[in-house]
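Trainee: Please build the complete structure, drawing on both the sequences and the hints.
Chains A and B supply the protein sequences, listed in that same order.
For the first sequence, the UniProt record's numbering gives the first residue as 1, with consecutive numbering after it.
For the second sequence, the UniProt record's numbering gives the first residue as 1, with consecutive numbering after it.
By construction, these hints were calculated from the structure, which means they are not laboratory data.
Please read these numbers as outputs of a predicted model, since none were measured by experiment.
Hints may contain errors.
The list treats identical chains as interchangeable, and a pair is accepted whether it falls inside one copy or across any two copies.
[Unchecked claim] Straight-line Cα separation of at most 25 Å, DSS-like style, residue types lysine-lysine; simulated pairs:
1. Lys-387 / Lys-16
2. Lys-135 / Lys-415
3. Lys-214 / Lys-351
4. Lys-411 / Lys-302
5. Lys-38 / Lys-351
6. Lys-107 / Lys-351
7. Lys-483 / Lys-540
8. Lys-38 / Lys-353
9. Lys-543 / Lys-415
10. Lys-351 / Lys-16
11. Lys-188 / Lys-327
12. Lys-411 / Lys-387
13. Lys-263 / Lys-483
14. Lys-483 / Lys-38
15. Lys-322 / Lys-544
16. Lys-515 / Lys-544
17. Lys-528 / Lys-395
18. Lys-302 / Lys-415
19. Lys-540 / Lys-188
20. Lys-188 / Lys-100
21. Lys-544 / Lys-16
22. Lys-16 / Lys-540
23. Lys-263 / Lys-543
As a plain string of letters, each chain reads:
There are 2 protein chains.
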Amino acid sequence: MGVNTLSYYEYQLQLKELLEYGVRRAPEKEIIYRDQVKHTYEDLYERVQRYANALEDIGVERGDTVAVLDWDSHRYLENYFAVPSMGCTLHMVNVRYSEKNLIYTMKHAEDDYVLVFDEFLPMMEEYADELDSVKEYILLSDDEPPETELTSLEYEDLLSSAFPNYAFPDLDEDTRATLFYTTGTTGKPKGVTFTHRKLVLHTLGILTMNTYFKPERRISTDDVYMPLTPMFHVHAWGIPFLATLIGMKQVYPGKYEGEMLMKLIREENVTLTHMVPTILRRIVDGISKQNILKRFLIRLLKPFSDLRVIIGGSRLPKGLAKEASEKLGIDVWGGYGLSETCPVLTISQQKEKMWDWSKDDTIEYDVKTGLPLPFVDLEIVNQEGNKLEHNGEEKGEIVVRSPWLTEEYYKNPEKSEELWRDDWLHTRDVAVIDEEGYVQIIDRLGDLIKSGGEWIGSTDLENIISTHEAVKEVGVIGVPDEKWGERPMAFIVPQEGAEVTEEDIKEYMKEFVEKGEIAKYAIPDEVKFLDELPQTSVGKIDKKVLESEYT
Amino acid sequence: MGVNTLSYYEYQLQLKELLEYGVRRAPEKEIIYRDQVKHTYEDLYERVQRYANALEDIGVERGDTVAVLDWDSHRYLENYFAVPSMGCTLHMVNVRYSEKNLIYTMKHAEDDYVLVFDEFLPMMEEYADELDSVKEYILLSDDEPPETELTSLEYEDLLSSAFPNYAFPDLDEDTRATLFYTTGTTGKPKGVTFTHRKLVLHTLGILTMNTYFKPERRISTDDVYMPLTPMFHVHAWGIPFLATLIGMKQVYPGKYEGEMLMKLIREENVTLTHMVPTILRRIVDGISKQNILKRFLIRLLKPFSDLRVIIGGSRLPKGLAKEASEKLGIDVWGGYGLSETCPVLTISQQKEKMWDWSKDDTIEYDVKTGLPLPFVDLEIVNQEGNKLEHNGEEKGEIVVRSPWLTEEYYKNPEKSEELWRDDWLHTRDVAVIDEEGYVQIIDRLGDLIKSGGEWIGSTDLENIISTHEAVKEVGVIGVPDEKWGERPMAFIVPQEGAEVTEEDIKEYMKEFVEKGEIAKYAIPDEVKFLDELPQTSVGKIDKKVLESEYT
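Mentor: Dropping the structure here:
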């Protein structure tokens, strides 16, 4: 007998393994959707199998693209696992896009099947005849599904009539699993895809870094998880995959509504979530608007003191981190990544030697961009592509290599070549790295303010202004200036009832000039006050709108 | 421009990433060797680079095999990373083998370069002319290296004269990294190899399961690690790779000597180790031999109460687990795997619902074979290869699939085909799996005792006998019997000064018959008392010797 008959099995990294392990280890743990649905992991697994059978019954084949238009739900989680594990691509449609962009992405993805939550049914009805590739629509609904001529298929109906066992195929780990779109500063949405391998390794990378967290921050099976970045956006940072693998109780809030979020956090004892700064801002404000007795009780009882929040999408302003901690007892720190990077590249972390430092000292590190994950090779480079020193001084574009980066923009070779150059993924974020390895983003490439030949980082200014007690939110942009080329301009939303003037802010910033944290010329010439700041579809401050409408 | 020019970088899982991450995150953490050497991770990294340059200088090329004959040391750790990261294979020679077997493995491996600790120098000098493949020897020594005609190369000399920077190549993750030999019940040692990918994923698999551990057992960067299974044996279970990745302080004890081990555990505050049961037995005994004052102090101060011990290689006897816990305050639990499986397949674990159970209740789970790691598909099958139920009743051979299993026995297609059949790796271990997913090994296939047509598991009997207060160690084998085919026979080493008779043991076992834990016919016909049990080269009870010399 020769070695050729050897039946060695080349094990592939697949998403189904994450689900099946979670189900085996924590069959009784719960998946919760608003105050409407409570499933166990065993239920989840049965529903995933029923759903796969249902899809197969209506004609879904390996390689097809299945699109979902829904808010954060147990149904979405079921799609996270069922669709890729069948060998199909899950297209997570950004339902906050303008209709034009949304339909553009569905056409570009050539979606074969579409799951549509009833809120978005009228839009789908309107555009259905443009969406040539779509073979079937499936209706999603929290209550009685509405009548429609679009389809007679309804998700819960399909599941209840489908066979409860499904043997998911063994796939090559390089099989495409997910697709979603991201908008840059210009141009049309760009498609980003991830394979099974990338999604699995991203999960394992985060769990490995977890062993470096200080003890009270470490993630484990006894956490209760609720995402507060949408599931259509970079698969909620990939954390639902992680939560399922390690058997966490999971809570999905649907569309984000303040009262429901608070209720779920309290009643389900949520211990772990992640969000963009503007959502944390809203939570802190929501509490501040409570009557005095409630606010007193919150200060006394700290009902959120078990809650850990990881902030991403934009820099965590120090002022906001302080408020969340002092007013609500929430433990908050930052992370960084892009849609193109799955997303997590770095997490803000206190090193072991800092674990017993005071909050005032450690907060400086909690608001940093952070330290790279294992298997993330992260460098800063100058315009010629040369690596720069990690000395806290040299500023360069962040470039990365890692097992979980998107290979290309979907069907967009031109943009793909801008993304991948010299074997490194180019993030367009400009940062310094200090001797300790901490990354700190200064700005987006192209968004840096160049004043009199010197670079000013808008996020640096935002961070400083955010610590002023009268400031609720702040955005800084560069505006053209005849003499200096560009000058910084700040937009501020004041705290409720606070009195603050342009002069107050400038005086306050002078303190930081004296401390040597910023240069004198970094103080904005103009400070404007607004009732709110414009936001992008994923909750970041929309600087394009600030530029075009408020200057 | 077409997509063909895309410079997307396909990131490969490589051991160098584990080292480089540990060094970046924990540059000041220490690597300790006995009471002789204290390096930082930064030193480690520099030494690894110097060593790689030194190897290259003497002619080592990609694809070469570099063999090491040493006890557990900082040098071994340096070899773990340097040799595979150069694209070479690290052959870890079992220095406890008989000379005949040892030389056989070196010939079979076709070692190109050999590092030899001075203790083994005379043997190498004797056999050098038989080892045709060897191009150079490098001498390892703790003190002044002895004179020898074998070589003029000495490890520390080479390092100090080599260049301190080395750029490790980017390797395909399927490049072979390690090779070592394992002896089964019969035949010659068989070579087992692992690739970079397998070693990295094994590390990540353990760290993922770690999030399911109860809080006080979780592994993290602030642990202090010392292996007590030899580094030549399945790379000390792969834990030095894990320890380095997550930046733990590491302690290497050289040759195992009771006094030195105790000193290191105490003075370096070791918190995490792993060993076979016989080593734990020796530690517990070593303490029991202390004078009464010392024993009193140990009971009072529990100097080992920070120590967690994972037991593998053989089943953790419940009696030993109790003794270690009660006498020394050591937290001990089990794990399971084979040389062929990298090795870890399962770890004994208390599920979340058990975390607040009493020690008496949880110890039942601590001594089980355990729960499979993520990415370990583990089944029990009957002789026809059909999967059996997980009901705690059906007994079958454990078969596995996982990303970290050896592909084949090195240059041994015949044995490889016995190992891999029907796309599953066959372990030859017979087990039950209960409804909760706990695996419990009953015996080795072929070692099961078949008495009157019924199977008796020798490890079941050992576990029960081990709980008798007068029993220090126990081994059970099957001996031929005219009437019943086979009958169990027990060999017991009594506790120091304990009086115990064959009849006492049989009476004691009857209690377990009454409780329904074993059948009446499982009580051995004969119980023999020995001063010590024979051991294999890796510290397991050598049942072949019991059979051949004591029956």
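Trainee: Give a verdict on every hint.
Mentor: These are the hints, each one checked on the structure:
| no. | hint | verdict |
| --- | --- | --- |
| 1 | Lys-387 / Lys-16 | between (39 Å within a copy, 20 Å between copies) |
| 2 | Lys-135 / Lys-415 | neither (30 Å within a copy, 52 Å between copies) |
| 3 | Lys-214 / Lys-351 | both (8 Å within a copy, 23 Å between copies) |
| 4 | Lys-411 / Lys-302 | neither (50 Å within a copy, 64 Å between copies) |
| 5 | Lys-38 / Lys-351 | between (38 Å within a copy, 22 Å between copies) |
| 6 | Lys-107 / Lys-351 | neither (47 Å within a copy, 47 Å between copies) |
| 7 | Lys-483 / Lys-540 | neither (31 Å within a copy, 82 Å between copies) |
| 8 | Lys-38 / Lys-353 | between (42 Å within a copy, 20 Å between copies) |
| 9 | Lys-543 / Lys-415 | within (22 Å within a copy, 66 Å between copies) |
| 10 | Lys-351 / Lys-16 | between (34 Å within a copy, 22 Å between copies) |
| 11 | Lys-188 / Lys-327 | neither (41 Å within a copy, 69 Å between copies) |
| 12 | Lys-411 / Lys-387 | neither (30 Å within a copy, 44 Å between copies) |
| 13 | Lys-263 / Lys-483 | neither (54 Å within a copy, 72 Å between copies) |
| 14 | Lys-483 / Lys-38 | neither (62 Å within a copy, 60 Å between copies) |
| 15 | Lys-322 / Lys-544 | neither (28 Å within a copy, 67 Å between copies) |
| 16 | Lys-515 / Lys-544 | neither (32 Å within a copy, 76 Å between copies) |
| 17 | Lys-528 / Lys-395 | neither (29 Å within a copy, 75 Å between copies) |
| 18 | Lys-302 / Lys-415 | neither (48 Å within a copy, 63 Å between copies) |
| 19 | Lys-540 / Lys-188 | within (18 Å within a copy, 65 Å between copies) |
| 20 | Lys-188 / Lys-100 | within (10 Å within a copy, 71 Å between copies) |
| 21 | Lys-544 / Lys-16 | neither (40 Å within a copy, 43 Å between copies) |
| 22 | Lys-16 / Lys-540 | neither (33 Å within a copy, 37 Å between copies) |
| 23 | Lys-263 / Lys-543 | neither (33 Å within a copy, 62 Å between copies) |
The structure fails hints 2, 4, 6, 7, 11, 12, 13, 14, 15, 16, 17, 18, 21, 22 and 23 (numbered hints given earlier, in ascending order).
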